[in-house]
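**Q** Use the sequences and the hints to build the structure in full.
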Amino acid sequence: MSRTRRIAIAGGTFMSALGVGFIMQSMAGSPEPAAASPVVESAAHTAEDAPLPVTNVVSTSAPIPPEVAPQPELLPSAPVARAEIAPAAFDERRITELPGEEPAPTFSCEISLEAKPVAAALVELTLDAPCMANERFTLHHHGMMFTEATNQDGAQHLVVPALTRSAVYMVSFANGEGAVATTEVTSMDYYDRVVVQWKGQSGLQIHALEYGAGYGDEGHVWAGAPRDMAAAAQGKGGFVTRHGRGGMDTALMAEVYTFPAGLMDREGDVELSVEAEVTQNNCDRDVEAQTIQISAGGKPLVQDLVLAMPGCDATGDFLVLKNLVNDLKIARK
Numbered sequence: 001m002s003r004t005r006r007i008a009i010a011g012g013t014f015m016s017a018l019g020v021g022f023i024m025q026s027m028a029g030s031p032e033p034a035a036a037s038p039v040v041e042s043a044a045h046t047a048e049d050a051p052l053p054v055t056n057v058v059s060t061s062a063p064i065p066p067e068v069a070p071q072p073e074l075l076p077s078a079p080v081a082r083a084e085i086a087p088a089a090f091d092e093r094r095i096t097e098l099p100g101e102e103p104a105p106t107f108s109c110e111i112s113l114e115a116k117p118v119a120a121a122l123v124e125l126t127l128d129a130p131c132m133a134n135e136r137f138t139l140h141h142h143g144m145m146f147t148e149a150t151n152q153d154g155a156q157h158l159v160v161p162a163l164t165r166s167a168v169y170m171v172s173f174a175n176g177e178g179a180v181a182t183t184e185v186t187s188m189d190y191y192d193r194v195v196v197q198w199k200g201q202s203g204l205q206i207h208a209l210e211y212g213a214g215y216g217d218e219g220h221v222w223a224g225a226p227r228d229m230a231a232a233a234q235g236k237g238g239f240v241t242r243h244g245r246g247g248m249d250t251a252l253m254a255e256v257y258t259f260p261a262g263l264m265d266r267e268g269d270v271e272l273s274v275e276a277e278v279t280q281n282n283c284d285r286d287v288e289a290q291t292i293q294i295s296a297g298g299k300p301l302v303q304d305l306v307l308a309m310p311g312c313d314a315t316g317d318f319l320v321l322k323n324l325v326n327d328l329k330i331a332r333k
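Heads up, the sequence shown is in the working numbering, so the first residue is 1 and it goes up one at a time.
In short, the hints are calculated from the structure, not lab data.
Predicted, not measured: the structure shown is a model, and the values here were computed from it.
Keep in mind that the hints are not guaranteed to be accurate.
Unchecked claim - Lysine to aspartate or glutamate pairs mimicking DMTMM-like chemistry, simulated, CA-CA at most 25 Å apart:
#1 K236 <-> E218
#2 K116 <-> D153
#3 K236 <-> D327
#4 K116 <-> D228
#5 K329 <-> D304
#6 K236 <-> E267
#7 K236 <-> D153
#8 K236 <-> D269
#9 K236 <-> E124
#10 K329 <-> D286
#11 K322 <-> D217
#12 K116 <-> D128
#13 K322 <-> E277
#14 K299 <-> D189
#15 K299 <-> E267
#16 K322 <-> E267
#17 K322 <-> D284
#18 K322 <-> D286
#19 K299 <-> D284
#20 K329 <-> E271
#21 K116 <-> E148
#22 K116 <-> E184
#23 K299 <-> E277
#24 K299 <-> D217
#25 K236 <-> D265
#26 K329 <-> E218
#27 K329 <-> E288
#28 K322 <-> E275
What the hints assert, rightly or not - Pairwise CB distance ranges (calculated):
#29 D189 <-> V306: 29 to 37 Å
#30 A133 <-> V180: 43 to 51 Å
#31 D265 <-> A133: 34 to 42 Å
#32 G268 <-> G176: 27 to 35 Å
#33 D313 <-> E271: 28 to 36 Å
#34 Y215 <-> E110: 44 to 52 Å
#35 A223 <-> C312: 40 to 48 Å
#36 D153 <-> L301: 36 to 44 Å
#37 Y211 <-> S112: 39 to 47 Å
#38 N175 <-> N326: 17 to 25 Å
The C-beta atom is built at its ideal place from N, Cα and C for all residues, glycine as well.
**A** Written out as structure tokens, the structure reads:
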């Protein structure tokens, strides 16, 4: 399309439910033989009609044995002399130490996960799974989950948001193996976070309009203008991160907006929305997703949604989901 349309959708036009878990997982017969005809032998008779004498009749019904049966060869009369073999020499020294056995080679298949807090209430994760090279896994943390994969060495390094001060992260592989890591994120109380997560290629995005900014302004923070954690750590504004191995229909994905509410010295509002771009991958289909919102390290507010996407003739348009997440109210510190 030549222009982009944004269609605002009120909260009541899509199905939403609180506290529901994330919806994610044809012979032809031969002729009878003729009877053998008897062989009739005729013999000439003399005038007197006397029978002729029959001599040298040889029977052909049994084999003729040889005149002399073969006899075994005689053994030589002289005995065979046996060579004398000298006895082998033996070492009579006593063996006091047996040779040590070579240790059998081993290969460690232990999976380990380490977690370390870094700036902006983020956590650095280091996964080591030597038996799981190039394998997909799911990362779980406080309701957030997304799909990732190890490299050719069975390792992976990630920087992910914390959603709680006492952060627990779990990695799970398809065969049931996994690992757990915990860490304390002391800066969590200074940050507000909004998570939207989905399965496959949904086209969902978080958009934040900070302090009255419009679309395309510097205060418009989204995946196309995400900023980085330095802006939040310095109290200049929020940033967006995306997590998960995209491009797969079955992959779990998450997008997170982080705002340093506890570090800002300027009061105002941050207008938040979740938008769904209509694409060839999601048009004329239902999109399932979930949002998680946490303010100042408090309890998470969770909402599930099912959104009926328009037909494919609307490709390129955006659906703006109003009131799915709460705007942020920033007070002066």
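**Q** Indicate, hint by hint, whether the structure satisfies it.
**A** Each hint tested on the structure:
1. A hinted pair counts as satisfied when its Cα atoms are at most 25 Å apart, and K236 with E218 qualifies at roughly 12 Å.
2. Distance hint between K116 and D153 is fulfilled; the C-alpha atoms sit about 21 Å from each other, no more than 25 Å.
3. A distance of roughly 18 Å separates the Cα atoms of K236 and D327; the hinted pair therefore holds under the 25 Å criterion.
4. Distance restraint check for K116 and D228: the Cα-Cα separation of roughly 19 Å lies within the 25 Å cut-off, and the hinted pair is therefore satisfied.
5. For the hint linking K329 to D304, the alpha-carbon distance of about 23 Å falls within 25 Å, and the restraint holds.
6. The suggested pairing of K236 with E267 holds, with an alpha-carbon distance near 12 Å, which does not exceed 25 Å.
7. The suggested pairing of K236 with D153 is violated, with an alpha-carbon distance near 39 Å, which exceeds 25 Å.
8. This hinted pair checks out: K236 and D269 have alpha carbons roughly 14 Å apart, not beyond 25 Å.
9. Restraint check for K236 and E124: satisfied, since their Cα atoms lie roughly 22 Å apart, inside the 25 Å limit.
10. Between K329 and D286 the CA atoms are separated by roughly 32 Å; this puts the pair beyond 25 Å, and the hint is violated.
11. Our distance criterion of 25 Å between C-alpha atoms is met by K322 and D217, whose separation comes to about 20 Å.
12. Taking the CA atoms of K116 and D128, the gap is near 15 Å; set against the 25 Å cutoff, the hint holds.
13. A C-alpha spacing of about 14 Å is found between K322 and E277, which places the hinted pair at or below 25 Å, so the restraint holds.
14. In summary, the hint linking K299 to D189 is supported, as the alpha carbons are separated by about 11 Å, within the 25 Å threshold.
15. Taking the CA atoms of K299 and E267, the gap is near 23 Å; set against the 25 Å cutoff, the hint holds.
16. Simply put, K322 and E267 have alpha-carbon atoms about 23 Å apart, close enough for the 25 Å limit, and the pair holds.
17. For the hint pairing K322 with D284, the CA-to-CA distance comes to about 21 Å; that is within 25 Å, so the pair holds.
18. With a C-alpha separation of about 18 Å, the suggested pairing of K322 with D286 holds against the 25 Å cut-off.
19. Simply put, K299 and D284 have alpha-carbon atoms about 35 Å apart, too far for the 25 Å limit, and the pair is violated.
20. With a C-alpha separation of about 9 Å, the suggested pair K329 and E271 falls inside the 25 Å cut-off, and the hint holds.
21. A hinted pair counts as satisfied when its Cα atoms are at most 25 Å apart, and K116 with E148 qualifies at roughly 19 Å.
22. As the CA atoms of K116 and E184 are separated by approximately 8 Å, the hinted pair is consistent with the 25 Å bound.
23. Of the pairs offered as hints, the one joining K299 and E277 is violated, with about 30 Å between alpha carbons and a cut-off of 25 Å exceeded.
24. Taken as a hint, the K299 and D217 pair is broken in the structure, with Cα atoms around 32 Å apart against an allowance of 25 Å.
25. The suggested pairing of K236 with D265 holds, with an alpha-carbon distance near 9 Å, which does not exceed 25 Å.
26. The suggested pairing of K329 with E218 holds, with an alpha-carbon distance near 19 Å, which does not exceed 25 Å.
27. With a CA separation close to 28 Å, the supplied pair K329 and E288 exceeds the 25 Å bound.
28. A hinted pair counts as satisfied when its Cα atoms are at most 25 Å apart, and K322 with E275 qualifies at roughly 9 Å.
29. D189 and V306 have their C-beta atoms about 33 Å apart, which keeps the hinted 29 to 37 Å range intact.
30. The hinted window of 43 to 51 Å between A133 and V180 is violated, with their beta carbons roughly 21 Å apart.
31. Look at D265 against A133: about 49 Å separates their beta carbons, and that is not inside 34 to 42 Å.
32. Judged by the Cβ atoms, the range 27 to 35 Å given for G268 and G176 is violated: they are separated by roughly 48 Å.
33. Under the hint 28 to 36 Å, the C-beta atoms of D313 and E271, about 30 Å apart, fit the expected range.
34. At about 50 Å, the CB distance of Y215 to E110 agrees with the hint of 44 to 52 Å.
35. At about 22 Å, the beta-carbon gap between A223 and C312 misses the expected band of 40 to 48 Å.
36. Between D153 and L301 the Cβ separation comes to about 39 Å, which falls inside the hinted range of 36 to 44 Å.
37. Between Y211 and S112 the Cβ separation comes to about 44 Å, which falls inside the hinted range of 39 to 47 Å.
38. A hinted range of 17 to 25 Å for the beta carbons of N175 and N326 is inconsistent with their spacing of about 40 Å.
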